[in-house]
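One line per chain: the protein sequences are F and C, in this order. Using our numbering, read the first sequence as starting at 1 and increasing by one per residue. Using our numbering, read the second sequence as starting at 1 and increasing by one per residue.
In short, the hints are calculated from the structure, not lab data. Every residue gets a Cβ at the ideal spot worked out from N, C-alpha and C, and that includes glycine. Accuracy of the hints is not assured; some may be wrong.
[Claimed, not checked] Which stretches of chain F does chain C cover? Using the computed rule of at least three CB atoms under 8 Å from a CB of chain C, they are: (1) 28-42; (2) 64-71; (3) 113-125.
[Claimed, not checked] Listed next, the stretches of chain F that the computed footprint assigns to chain C, with coverage defined by at least 3 CB atoms under 8 Å from CB atoms of chain C: (4) 17-24; (5) 143-153.
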Amino acid sequence: MLTPPGQSVLEAAYRKHSEYVFGVCLKFAGGDRAWALDRAHDVFIRLHDNLPSLRLDDDLRPWLRKVAVNECLLDLRRSERRRRLLGLFGFAPETSAMNDLGPERAHELSRDVVALDRALGTLPAKERMLLGLMYFEGESLTDAAALIGVSKGQASKLHKRALEALRQRGAWEGEP
Amino acid sequence: MSQRLESADEARERLARARMTEREHAELWARIEDDARQRGARRWLLPAAIAGAAVAAALALWLVPSEPAAPAAERASDPCAVDPSARTLRVAERCEAKAVQIDGDEWRLEQGAEVARVESGARVERGRVRFTVRPRKQPGDRAFIVAVSHAQIRVIGTVFTIEQRAEGGSVHVTEGTIELSWPDGAKQRVSAGESATWPRVQPAPAPEALAAPAPEAHAPDAGARRPTARAVDLDAALDRLLVLRSQKRFGEAVTLLRGTLAQKGLSATQRERLSYEIGLALEADGAPSCAHWAKHGRAFMSPRRTALVQKKLKACQRDE
Chain F
1 MLTPPGQSVL
11 EAAYRKHSEY
21 VFGVCLKFAG
31 GDRAWALDRA
41 HDVFIRLHDN
51 LPSLRLDDDL
61 RPWLRKVAVN
71 ECLLDLRRSE
81 RRRRLLGLFG
91 FAPETSAMND
101 LGPERAHELS
111 RDVVALDRAL
121 GTLPAKERML
131 LGLMYFEGES
141 LTDAAALIGV
151 SKGQASKLHK
161 RALEALRQRG
171 AWEGEP
Chain C
1 MSQRLESADE
11 ARERLARARM
21 TEREHAELWA
31 RIEDDARQRG
41 ARRWLLPAAI
51 AGAAVAAALA
61 LWLVPSEPAA
71 PAAERASDPC
81 AVDPSARTLR
91 VAERCEAKAV
101 QIDGDEWRLE
111 QGAEVARVES
121 GARVERGRVR
131 FTVRPRKQPG
141 DRAFIVAVSH
151 AQIRVIGTVF
161 TIEQRAEGGS
171 VHVTEGTIEL
181 SWPDGAKQRV
191 SAGESATWPR
201 VQPAPAPEAL
211 AAPAPEAHAP
221 DAGARRPTAR
231 AVDLDAALDR
241 LLVLRSQKRF
251 GEAVTLLRGT
261 LAQKGLSATQ
271 RERLSYEIGL
281 ALEADGAPSC
291 AHWAKHGRAF
301 MSPRRTALVQ
311 KKLKACQRDE
């Protein structure tokens with residue numbers, strides 16, 4: 001059973017910050033709301049586990065944001081490992097939200113604009129997080145690199161590679 | 001048709017507007033609450049057992065010769081106590097959540113919650129209340145009914161949480177199934193893991209040309225009054241569709257898609273896309289889809305799609 005004070009603090013934090021946390025997670029979700037909701041859940045469970053060691057008088061948002069970025073990156077990397085493992089055993093890899101639509105159905109969407117976050121959803125975990133942090137969260141390359149745990153040089157390479165992949169997919173998104 | 005990649009500014013602006021729906025809020029908080037409670041219980045299990053045993057031993061030594069305390073007097077001295085025999089049960093904002101046992105059921109009232117006892121069960125006036133209702137299986141057992149602002153909830157034996165606010169509310173079912181009865185007599189079943197909100201948002205029925213042959217199982221509100229058309233938000237509908245598909249709630253997906261398709265202002269291609277999705281959702285739900293694919297084929301004779309739809313039609317005729 002939860003201790004009553006812990007429960008009320010968690011609930012108060014949820015009421016105050018849940019939209020913010022969901023918004024952060026959605027930026028890395030590749031258009032998959034259910035995934036963003038799952039990550040928001042993970043963030044608040046981490047908050048619950050860390051309540052005794054947190055200074056609750058301080059603004060929780062920076063802490064929640066850092067945890068949200070970590071949880072998103074961790075889950076994306078888990079998915080990547082699972083896909084690689086399945087590939088080794090000859091199973092079809094899991095599809096991302098964008099691939100799930102398929103070229104047929106993406107075309108049928110009849111949108112003349114392809115959502116950028118869905119396009120990012122087709123990139124590997126670190127590239128997706130890096131671009132999400134830079135373009136949606138307004139982080140500099142240096143800060144985004146620190147948040148995902150890579151050097152600035154490596155981040156620069158990831159950035160270049162991700163943009164190239166998006167450019168190629170941009171051509172793919174056009175009329176087949 | 002050519003497509004371009006959305007600019008970072010456009011995407012940032014669109015994502016900044018994204019909000020959770022009431023239902024998503026209710027589901028997410030219920031999951032967090034359940035998981036946090038389980039983790040809390042695991043974390044404190046061993047220390048609590050040791051401390052409990054020590055306290056029990058000390059109390060046994062100290063209390064045996066003394067007179068028993070008067071519980072009523074203790075309750076009277078506690079301003080946050082909830083009297084289970086009272087007509088209206090309430091927990092003040094400054095008090096912690098309280099659980100009370102009533103006729104074998106547990107009512108857990110969160111801070112600021114208020115529930116009235118009525119003959120058929122309970123009426124949630126405001127706040128969040130979690131009900132753990134014992135199974136009603138004995139002869140003469142009456143179903144437990146909870147009244148909320150815009151509906152009644154009939155329960156046979158289950159666990160669910162109600163949140164009642166001034167303008168509406170929501171229910172999230174943890175175990176079993178409940179049945180929501182709306183004022184117009186329509187009923188809606190909500191099973192474990194699902195949520196419902198009120199006031200009810202009624203999806204518009206699909207136009208004649210695209211109505212599928214057996215919509216009753218998927219559209220409990222079909223035949224109810226037609227809501228006025230609102231602005232089409234195809235993005236939101238498709239986002240919601242992704243969630244429903246990931247949770248394999250294909251019946252609800254069909255209802256959502258039919259409601260979206262009935263909106264005005266859709267382009268022909270958008271209508272084709274939605275109709276196509278209805279066919280896929282019907283197939284995934286194991287519902288008859290032949291009539292839908294046939295109508296889809298007649299309505300959208302684009303050469304690019306014809307072969308695909310013919311293939312679907314052949315497959316469903318074989319299955320049905």
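Which hints, by number, does the structure contradict?
2, 5
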